[in-house]
Amino acid sequence: MSDTLNLTLKVWRQKNAGTPGKFVEYPAKNIPTDCSFLEMLDIVNETLVQQNIEPIAFDHDCREGICGMCSLVINGVAHGPERATTTCQLHMRHFKDGDTIYVEPWRVGAFPLIKDLIVDRSSYDRIQQAGGFITARAGSAPDANSVPIPKQNADSAMDAAACIGCGACAAACPNSSAMLFVAAKVSHLALLPQGQPERTRRALKMVTTMDKEGFGNCTNYYECEAVCPAEIKSSFISMLNREYAFAAVRDGVSVI
Amino acid sequence: MATLDSKIPSGPLEKKWEKHKFDSKLVNPANRRKYTIIVVGSGLAGASAAASLGEMGYNVKCFCYQDSPRRAHSIAAQGGINAAKNYQNDGDSVQRLFYDTIKGGDFRAREANVYRLAEVSSSIIDQCTALGVPFAREYGGLLANRSFGGAQVSRTFYARGQTGQQLLIGAYSGLCAQIAAGTVTMFPRTEMLDLVVVDGHAKGIVVRDMVTGKIEAHAGDTVILATGGYGNVFYLSTNAKGCNVTATWRAHKKGAFFANPCYTQIHPTCIPVHGDFQSKLTLMSESLRNDGRVWVPKKKEDCGKPPGEIAEEDRDYYLERKYPSFGNLAPRDISSRAAKQVCDEGRGIGSTKLGVYLDFSAAIKRLGENVIRERYGNLFDMYHKITGEDAYKVPMRIFPAVHYTMGGLWVDYNLMSNLPGLHVLGEANFSDHGANRLGASALMQGLADGYFVLPYTISNYLVTQAGKKVGTDHPEFVKAIEEVKARTEKLLSIKGKRSVDSFHRELGLLLWDKCGMGRTEASLKDALAKIPKIREEFWTNVNVLGDGNDLNQSLEMAGRVADFLEFGELMCLDALERRESCGGHFREEFQFEDGEAKRDDEHFAHVAAWENVGEVAKSVRHIEPLNYENVHLAVRSYK
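Protein chains in written order, with our numbering: chain B, 1 to 256; chain F, 1001 to 1639.
Hints are supplied without guarantee of correctness; some may be wrong.
Cut-off 20 Å, straight-line C-alpha distance, at most; resulting in silico cross-link-like pairs (DMTMM-like, lysine to aspartate or glutamate) [said to hold, decoys possible]:
hint	chain 1	residue 1	chain 2	residue 2
1	B	Lys151	F	Glu1138
2	F	Lys1497	B	Glu46
3	B	Lys29	F	Asp1276
4	F	Lys1490	B	Glu54
5	B	Lys15	F	Asp1547
6	B	Lys15	F	Asp1209
7	B	Lys151	F	Glu1374
8	F	Lys1085	B	Asp143
9	B	Lys22	F	Asp1550
10	F	Lys1353	B	Asp34
11	F	Lys1497	B	Glu54
12	B	Lys15	F	Glu1556
Which chain B residues stay away from chain F? Per the calculated CB distances, all over 10 Å, these [stated by the list, open to error]:
hint	residue
13	Leu5
14	Glu25
15	Asp99
16	Leu204
17	Phe246
18	Ala248
Derived from the structure by calculation, the hints contain no laboratory data.
Glycine included, C-beta positions come from ideal geometry on N, C-alpha and C.
Sequences are here, hints too, so could you generate the full structure?
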């Protein structure tokens, strides 16, 4: 039932951040249409090892679209051509026999390249550490049903919380902006009653850290929304803007 | 054996934990920062432990192999987390959750541990809600529940089909707060390659920086392993690609006993294997069995037909037929075995004939497509992405796959291994699930261990270590670093003909065939004869390209596969010695006439804990008897 494809890959190879990289062409032969994009790369890597060529390095882990570890810009699109799909869940049935496929890493200044297709996304962790949490010491929590939360608020919070932190939003943005990621984090907690005490501080600190890490500004291209595998809506960016504006006014910080 | 003291407190079951907490030693808040605690792993157990210990004021170092602690494989858990809240007023209680879990584990878990788990379950839901986990809610704003396998009450809390993700983000955000506060130092892209033991106590670890290749040691007052299970020994499993046994196996080789390695859970509802290129298997949450009906054709000749052309009376809803009171929500081991049986009878579906249908048409007719979409939309989408099929229109095709491992390093009631100073949490330990884990109990156990058990019990060990700090200049550290370097160089120097992956696949296929859903004395002996040969070829013919001072994924995998090649042998050895069937361990020689698992309580109501003495084949089997004072050992029936 499985058909196969013969493809040409143009893969970005780069030994490390200090060495210039380049596209290298590899044939990908007899690729079953039922396999995922990463399984296709596994097959190619297996043939490279047979030829004593070092395999292509790429990030991946869960391979079921939830951990956010996989990346790859495929033919110029972060996570490839299918909407709402991570690279690990992109299947080869969406390609045609004879296709040439360009495979590149996320290209964002705040995600320095480590090797081949692997980049360092620890800037997202630092933004989260700046305020992306609710301080709730283990053992101190009240009964979970003591604070009812209207279903629509809980659902909206969940829509934002679904972010997998992969970095595609910044990779797709012409400004390398991380606004969709930060918006998802700030909105998730701002929509819940438990998130209120630290709401102002959170928005200010996360946005400040985002800027400090070198991410660009949002100028409403909405490329982020188009590539987001978790379908985070750009309306959360509007919410972040409101959160930040109110927070800045409250804290007496000037908004430019 | 004096070495296996489970340290279960005396007194009535429901008072044991309370009593133990009071009897436990305390470390003064001002003294806590003087203790360095090493936590390996950042999943639910590791992140919650690291965050809680940081909050208490300890100096914590946390390590993970992923690029961020938020990626640990707990994130992939879909269905939910159990807690004895009884918010549904349907008869739940701590006692009932305890009993369901003990029975679900086929009476092979420790009573005291399981009772404690049930007792702290409610606090976990409170804690996670306080951290901002957006659990599903009803219109009135209160928390919603769903049912899971092996229970007749609704006690599972969930966040759509992404409960693990939301709980992990909650634990991770708590960890982030502690990293920002400076109590926790995080080491991502860092893999533990050995445990350092000084004078019989775990005092540190040797790690490899996966970006620079640098091998170095970290010293601490205690080491906590929360490194998950060993399901990837089968190559194909629902685990993430990076999940491995290395941390626990290295600790085992340094003296920690490995308990019940033969207990592996084969999850009944996964997307079937569809080619030899396949790199992993994907689970479809057990929660789907709330509304999906499992069936195969009654007649073999119907198996090739499209499901829509098979009349209702020609379908065998075998779970409903065999287990009328639990029906499609029979526990995982039982549902998996039932699927295997119908496929063995030649009634499997799909191109490989290794599949059964999970059909939502009745639920869609009863509730409407929108309700089903709201409940399971993301799972249907995932199924569509992988198979290209629309499960709203045609039934899902599913088959069992390796999912979770109940075995792990042996721990006492304090979650400390027989090796003093080594604590083991979550899936990495053996403690709470017996021979089979019930759905929605893994998340519960991981967070129970990290938030509510270890923070109390760890001080019992720490108070004995005041003034006994050891630095990384100690000869044992120097030696351990040299050993890890030598092993790394050896792997890089073989330069044979086969890829690391090809050995992993070979081992996995062998184990699935000989030590998978069904095991026999002959199959296990066959595997035990073959594994050393694969291992031998690995060490002479593997080809690991690149060098050690660089990011090198082949080298990372080579080290893990080398350990799987040793661990797999112990798993088969344990399966061979356990001459009974229980839970996920099904020895075909031991079954009732209707095919149900036949336990042997007289000879095997115990934990088997293996001691490494060099060669795996010579490992020594120790026993911890399981004493049931509160539940009556019974044949497990879900009929």
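Evaluation of the provided hints:
1. B:Lys151 - F:Glu1138: 6 Å, holds
2. F:Lys1497 - B:Glu46: Roughly 11 Å separates the two Cα atoms, so the pair holds.
3. B:Lys29 - F:Asp1276: 15 Å, holds
4. F:Lys1490 - B:Glu54: Holds: lysine 1490 of chain F and glutamate 54 of chain B sit about 18 Å apart, inside 20 Å.
5. B:Lys15 - F:Asp1547: Since the Cα atoms of lysine 15 of chain B and aspartate 1547 of chain F sit roughly 12 Å apart, the hinted pair holds (cutoff 20 Å).
6. B:Lys15 - F:Asp1209: Answer holds: lysine 15 of chain B to aspartate 1209 of chain F is near 17 Å, not above 20 Å.
7. B:Lys151 - F:Glu1374: The given pair, whose Cα atoms are some 13 Å apart, holds under the 20 Å limit.
8. F:Lys1085 - B:Asp143: Distance of about 10 Å is within 20 Å: holds.
9. B:Lys22 - F:Asp1550: 19 Å, holds
10. F:Lys1353 - B:Asp34: 17 Å, holds
11. F:Lys1497 - B:Glu54: Given that 20 Å is the threshold and the Cα spacing comes to 14 Å, the pair holds.
12. B:Lys15 - F:Glu1556: 17 Å, holds
13. Leu5: Per Cβ check, leucine 5 of chain B is outside 10 Å of chain F; nearest 12 Å; holds.
14. Glu25: Non-interface label on glutamate 25 of chain B holds, nearest chain F Cβ at 19 Å vs cutoff 10 Å.
15. Asp99: With a cut-off of 10 Å, aspartate 99 of chain B remains clear of chain F, as the shortest Cβ separation is near 18 Å.
16. Leu204: 14 Å, holds
17. Phe246: For phenylalanine 246 of chain B, whose nearest Cβ neighbour in chain F is about 19 Å away, the distance exceeds 10 Å, so it holds.
18. Ala248: 21 Å, holds
No hint from the list above goes unmet by this structure.
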